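Asker: Below are the chains, spelled out letter by letter.
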Amino acid sequence: MNRMLKKLLPTLLLLVLTAGSSLAAPLLNLGLSLDRDVLPAGQRETAIIKVALNVPEIPRGIERPPVNLTLILDRSGSMSGDKISKARDAAITALRMLGPQDLFSLVIYDHNVHTLIPPQSAANSERLEAQIRNIRVGGNTALFGAVSQGAAEIRKNLEQNFVHRVVLLSDGLANVGPSSPNDLARLGAALLKEGISVTTIGIGHGFNEDLMSQLADRSDGNHYFVESSVDLPRIFAAELGDVLSVAARRISIDLETPAGVQPLRIIGREGRIIGNRVEIHLNQLYGGQEKYALIEVQVDPGRPEQKLNVAAARAYYENALTSQEENTSALAQVRFSPRPEEVLRSANKPVLKAVVENEIAASRERALDLYNAGRKDEAVAEIRQSSGKLKSQSTSLGFSDLAETAEVFEEDAETFAAPALPSAVKKGIRSESYKVRKQQKDY
Amino acid sequence: MKSKLIILAWLLLLVPTLLLGVGALRLLQSEETQLLSSQRAAASDRTSAIAGNFDLAIAEVQDGLQETLRQLPQQNLAQQLHRWKRSNPLVRNVFVWQQGRGLISPDPERPASDEEAAFVRRFLPLFADQSNWQPPELDQKLAAATTRTILAERRELRLLAKQAPPTTVAAEMADSSYSAAPAPAASKPAAEPTPQNGNSHWRSWYADDQLHLLGWFAPSGKQQRYGVEVEMMALLSRLLGNLPSQTTGQESYALLDGKGKIFHQVGNFEILPDAQPLAIIALQNLPHWQVAAYTDPTAAKTGSGIILLGSLLIGTFIVAILLGGSLLLWQAHRNQRDASQKTSFVSNVSHELKTPLTTIRMYAELLGEGKLHDPVKQQRYLQTIIKESQRLTRLVNNVLDFSRLEQNRRRYQREPLELKQLLSELLETQKPRLRDAEIELQLELPTEPCRLQSDRDALEQIILNLLDNGIKYASEGKKLLMQLRCDELQLTLRLRDWGPGIPSSHRQRIFEKFHRVDNSLTTSQQGSGLGLSIARQLAEGLGGQLEYCPADDGGCCFELLLPIGGEEFNG
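Going down the list, the protein sequences come from chains H and U. Residue numbers for the first sequence, in the numbering used here: 119 to 561. Residue numbers for the second sequence, in the numbering used here: 88 to 658.
Think of the hints as simulated: they come from the structure by calculation, not from any bench. Some hints could be false.
[As the list claims (entries may be wrong)] Some chain U residues flagged as far from chain H (calculated, every beta-carbon gap over 12 Å): (1) E118; (2) E119; (3) Q121; (4) S135; (5) L164; (6) A205; (7) N355; (8) P360; (9) K518; (10) L532; (11) K565.
[To be verified] In silico lysine-lysine, DSS-like type, Cα no more than 25 Å apart, as pairs: (12) U:K565 to U:K474; (13) H:K311 to H:K559; (14) H:K311 to U:K172; (15) H:K553 to H:K311; (16) U:K172 to H:K274; (17) U:K172 to H:K556; (18) U:K429 to U:K91; (19) U:K559 to U:K518.
[What the hints assert, rightly or not] According to the in silico footprint, chain H covers these stretches of chain U (three or more CB under 8 Å from chain H): (20) 170-181; (21) 312-321; (22) 343-352; (23) 393-401.
Quick caveat, the model's predicted, so the values are computed rather than measured. We put the beta carbon where it would ideally sit given N, CA and C, even for glycine.
Modelling step: build the complete structure from the supplied sequences, incorporating the hints.
Answerer: Structure representation (structure tokens):
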């Protein structure tokens, strides 16, 4: 019965698709593409499906959804001097970018957490700016409590139609309350369920990059590493640019494969694989940006010239511009061929490029995890192994430039083999990998 | 006798004052401890109220989750659970477990995500039936305690409020084993999904060095359990709001985790890791977690500052009382001494006056009887009468001088004097006395005349008084030495005797009025105790000074210093 249903599903999907297109066109563009459209026949193959969500630029004249922004500023002792003054400037930059329909609140924290500005319209910005300029430093870093309170400020207006966003800025280790990356990741995961994303901005070399990046990762926010406080206003502007261009919210992608096609793993992103189904959740999509997920699947041997729908995907989301629930779907098809040259010709370079970038990012992060756990040799081996694999893969498909990228990546092994890894390099690895895995805009 | 009385009086003053001081300090201390204990009690009350809020919030969460579990439709249970997990921030993981088959969802062989794999690993002993599903004893005890506390009452009330009008089917009495609460959903409107009958359970679980809460529902009649792992970080994050947002005064509150480390704190000051809590209350629904109240260590110092100030004040009072009392006692003592001195002065003077008067009267009567015809004897009697009247004059002069000096009415007549001449005239009149006392007076005078401007009478009085002293008290020395030295600015007159000298304890006081070294009527020598006092006052009145100067070989010596010019005359 179940199997029957699954066989029927693609046709059903097609039906729905045609029905949907006859109505208003969905906002999002869901596209499935494979690393090779033609697979060698008669053997078990692994393929990679790129599930891409394209959002068009929000046209001028269309009212963007209002934003409910909470800024969390670290004012612990280590922030003194230039950092806090630049952070104040940056907060004011953010405030000025908001409109009267948006809500702004500000939480400051040291060992204590204090809501300096409760949620209110960003219209009366002059009074708020004066309050921001009065922030003084001193004390420890109660990061968990600060994020909790920031989320509480957001929750006051959770029911309304806002884009909810917490922006956390810190330069230090969380030394009051939970301080493990895992704990903060769990908090992020819980906040994501409420539709609250946390963007984390780490300044200087003192913060815990694992904690900050995981909190952002699980709550689907952005993560920035700011080496010099001079860049802070620019970073805030970039973040606000994202927040102000949210086009879709609460996106869930369901991808289903037929019997004989087994999802193996998701490269770079978090998700669930239950049998033949893959679930991926995003909190929001920004106008003019593409986000994608890479799913590796195992395909059972096929007959020559057989065509197979390897995956059917459907994205459910809320159109942030109209507050309407919408969905869109796509199909991915492969053909089996006994001729290797045909297989080679069908290789899809953009997909492979994404795969190589994401594999490198993931491998770098794994190596860093190993390095941080004191297993330096394994970290070096990890990089050597995955760069070798990527190189041979790229070469076999005939992309010499991707093979070159993999070769450049191999040089990272030397970085890990060096006696000490500078803190700035670790933070750079985390933030760069994060950008690749989450397709965060360059800043 | 008198000094004993004074000491007794002083002790009477000292002892109660000290007792008063000690009592006040005690009172102050007990006030402080009372203040501290009341502060402690208040903090303890507030802390337990906060802890109660925490427990209540957790109980609400647990009840809510259990209610959802109870009402979940049974078909496609795993999917229902999963959908619930996806939307509820407080749900970290869900599971379905069956007796004999073990874990059904999530699939332990092929977990859908890293998180599910970690969940399976975390609770493996439980799902593999290696660990007892019954909560550990501690939890049971706590749960038993909970039923008796206010929490249980509130739960009852809450569930009572949810009660809908009864339907005809009253048989659906739910379990009574979980708590004393009435069946929560015995009667729900038919439109809602029918809740299951069965048992609800919660247990705490330690893994990865952290506390986890697992709740499950076991439908009656089935060998199945399905439940939920609470998202601890989300729960704790929400719970932080139960700490007071604004604390009064110098108090801070903290939520302490299972290891006693500060999880979150609120208050006006930072709690240091080694700070001692003022009050600490354990949470019932979150094993080993605690709520604690702290006071500012710097504020405690200002409290002891009040104590310090208080004791300083008390000390000052004690010293003031003692000083004032001592001053009064001393004044009384002096007055008494002065009174006794005056009394003895009056009797002395009367005695002094009476002796020459008696002599004069006796000789005058003898002469008046006319029986005495020997002219030599007559002459001698007359001389005695003259001598005694001179003595009387001296005595009366002294008393008059004294009263004048006392009232500052003494006038000095400045005139040019030649001291050598004055001395020789004066000593001529004193020769009979010296002869009678068998004293030899040696004179050491300068060759040059010694001129000065001064009051003749005052000067004569000073010298006579000094000489009188010598004759009266140092006759046993048989010798007196008078030295005079003149230079351009001042003259020095020194009178030295070889008598018994003056005991060192009296040296400071011999110039005081009425003072006598041996102040009793039975003393061998009569006197008023005024001679030296008058002499010094006169010397000072003339712009000079009179000093006692001890002699090396016994006896004593007085030194008179006078300015030559005499410009500094008083009046």
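Asker: All the hints need checking, so say for each whether the structure fits it.
Answerer: How the hints compare with the structure:
no.: 1; hint: E118; in the structure: holds, 32 Å
no.: 2; hint: E119; in the structure: holds, 29 Å
no.: 3; hint: Q121; in the structure: holds, 31 Å
no.: 4; hint: S135; in the structure: holds, 22 Å
no.: 5; hint: L164; in the structure: holds, 14 Å
no.: 6; hint: A205; in the structure: violated, 9 Å
no.: 7; hint: N355; in the structure: violated, 8 Å
no.: 8; hint: P360; in the structure: violated, 10 Å
no.: 9; hint: K518; in the structure: holds, 100 Å
no.: 10; hint: L532; in the structure: holds, 92 Å
no.: 11; hint: K565; in the structure: holds, 95 Å
no.: 12; hint: U:K565 to U:K474; in the structure: holds, 22 Å
no.: 13; hint: H:K311 to H:K559; in the structure: holds, 24 Å
no.: 14; hint: H:K311 to U:K172; in the structure: holds, 9 Å
no.: 15; hint: H:K553 to H:K311; in the structure: holds, 22 Å
no.: 16; hint: U:K172 to H:K274; in the structure: holds, 23 Å
no.: 17; hint: U:K172 to H:K556; in the structure: holds, 24 Å
no.: 18; hint: U:K429 to U:K91; in the structure: holds, 23 Å
no.: 19; hint: U:K559 to U:K518; in the structure: holds, 14 Å
no.: 20; hint: 170-181; in the structure: holds (count 6)
no.: 21; hint: 312-321; in the structure: holds (count 4)
no.: 22; hint: 343-352; in the structure: holds (count 4)
no.: 23; hint: 393-401; in the structure: violated (count 0)
Going down the numbered hints, you'll see the structure goes against 6, 7, 8, 23, while the others check out.
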